[in-house]
Amino acid sequence: MQFILKTALLFSLLIGATEVMAAKTSEPSLSLVWQVTGLDIPESVLEVHQGGQDFFLVSVLKGDYYSKDGNGDIAKISKNGQLLDSAWASGLNAPKGMAISGKFLYVSDIDEVAVIDLKSGAIVNLIPIPGSAFLNDVVANKHGDIFVSDTGAGKIYRIRNGVPEIYIDNVPSANGLAIEKDVLLVGSGSQLVRYNTASEATLITQMPFGLIDGIAEVKCDSYLVSVWEGQIYWVNSDGTKTLLLDSSTTGIFTADFAYSKKRKLLVVPNFFSNTVSAYRVTY
Numbered sequence: 008m009q010f011i012l013k014t015a016l017l018f019s020l021l022i023g024a025t026e027v028m029a030a031k032t033s034e035p036s037l038s039l040v041w042q043v044t045g046l047d048i049p050e051s052v053l054e055v056h057q058g059g060q061d062f063f064l065v066s067v068l069k070g071d072y073y074s075k076d077g078n079g080d081i082a083k084i085s086k087n088g089q090l091l092d093s094a095w096a097s098g099l100n101a102p103k104g105m106a107i108s109g110k111f112l113y114v115s116d117i118d119e120v121a122v123i124d125l126k127s128g129a130i131v132n133l134i135p136i137p138g139s140a141f142l143n144d145v146v147a148n149k150h151g152d153i154f155v156s157d158t159g160a161g162k163i164y165r166i167r168n169g170v171p172e173i174y175i176d177n178v179p180s181a182n183g184l185a186i187e188k189d190v191l192l193v194g195s196g197s198q199l200v201r202y203n204t205a206s207e208a209t210l211i212t213q214m215p216f217g218l219i220d221g222i223a224e225v226k227c228d229s230y231l232v233s234v235w236e237g238q239i240y241w242v243n244s245d246g247t248k249t250l251l252l253d254s255s256t257t258g259i260f261t262a263d264f265a266y267s268k269k270r271k272l273l274v275v276p277n278f279f280s281n282t283v284s285a286y287r288v289t290y
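As numbered in the numbering used here, residues 8 to 290 make up the sequence shown, in order.
These aren't lab readings, by the way, just hints derived from the structure by calculation. It should be emphasised that the depicted structure is a prediction, and the values quoted were computed from it without experimental measurement. Hints may be right or wrong, so weigh each one.
[Claimed, not checked] Each computed BS3-like pair below joins lysine-lysine, with the alpha-carbon atoms no more than 27 Å apart: (1) 149 - 188; (2) 271 - 226; (3) 75 - 268; (4) 75 - 126; (5) 226 - 126; (6) 75 - 226; (7) 83 - 248; (8) 248 - 110; (9) 269 - 226; (10) 188 - 248; (11) 75 - 149; (12) 126 - 248; (13) 126 - 110; (14) 226 - 149; (15) 269 - 248; (16) 268 - 86; (17) 126 - 86; (18) 83 - 110; (19) 75 - 188; (20) 271 - 188; (21) 271 - 248; (22) 126 - 149; (23) 149 - 83; (24) 83 - 271; (25) 86 - 226; (26) 269 - 75; (27) 188 - 226; (28) 271 - 110; (29) 248 - 268; (30) 268 - 83; (31) 75 - 271; (32) 126 - 83.
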């Protein structure tokens, strides 16, 4: 009897261990949680933690993404997908990538970076980037440096203490940016590239087509990557990848997303569809 009980216990432990291993090695997937409509060409999403509250900011082009027309806004969305303010910040032209450093939001706007007070939404400074053509994504490191991609000129700029400089040159179609410790991940056309502190490049992977727009680390050595034309991938550091979503054939774009590690939520601006879609990430 004792032998039978021990055998049964061992068998149940093995089954449990197998289930845990299966759960840990399950394929990553996305499932739609909520969607916000009525935003006029949303380009980028950023998660914000402020005063015990979590919410998302969305850069909204509202028209041509090259024109200095003053029509661009930053919208505010709750963590549950409620549109709180369609123009939390206004007076921009064609706002795109965003990053937070200290008490300020940094937003790329064609050929300059707008500095916005995170409490009030007021523009407090504009940093011109001489020689820039089409500023796009923005990230900030823990030291307070701001990095900005220039898709038109193929460069990455660094803003340190309010002063811009060319940080990396000759980056074709530089777009999506992400910080991994002190390493910069860059979407260069359809290539995902890692740049070390010496600006030396290592290719991680090549997408079948399109322009890499959003990049976010999910866990160590694993990333979510969006292709602007309508694809989202799970990418491992060894270059292997899994296609999680493909809306390219239906014309639904997947631009510069935000990933909430706390909620395992991927919040994607759909550009011309005028929607922002949030997906639960399972892995």
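Here is what the structure says about each hint:
no. : hint      : verdict
1   : 149 - 188 : 9 Å, holds
2   : 271 - 226 : 11 Å, holds
3   : 75 - 268  : 35 Å, violated
4   : 75 - 126  : 25 Å, holds
5   : 226 - 126 : 30 Å, violated
6   : 75 - 226  : 39 Å, violated
7   : 83 - 248  : 32 Å, violated
8   : 248 - 110 : 36 Å, violated
9   : 269 - 226 : 12 Å, holds
10  : 188 - 248 : 22 Å, holds
11  : 75 - 149  : 31 Å, violated
12  : 126 - 248 : 39 Å, violated
13  : 126 - 110 : 8 Å, holds
14  : 226 - 149 : 18 Å, holds
15  : 269 - 248 : 23 Å, holds
16  : 268 - 86  : 13 Å, holds
17  : 126 - 86  : 18 Å, holds
18  : 83 - 110  : 17 Å, holds
19  : 75 - 188  : 35 Å, violated
20  : 271 - 188 : 20 Å, holds
21  : 271 - 248 : 19 Å, holds
22  : 126 - 149 : 20 Å, holds
23  : 149 - 83  : 24 Å, holds
24  : 83 - 271  : 19 Å, holds
25  : 86 - 226  : 21 Å, holds
26  : 269 - 75  : 37 Å, violated
27  : 188 - 226 : 13 Å, holds
28  : 271 - 110 : 25 Å, holds
29  : 248 - 268 : 20 Å, holds
30  : 268 - 83  : 19 Å, holds
31  : 75 - 271  : 36 Å, violated
32  : 126 - 83  : 12 Å, holds
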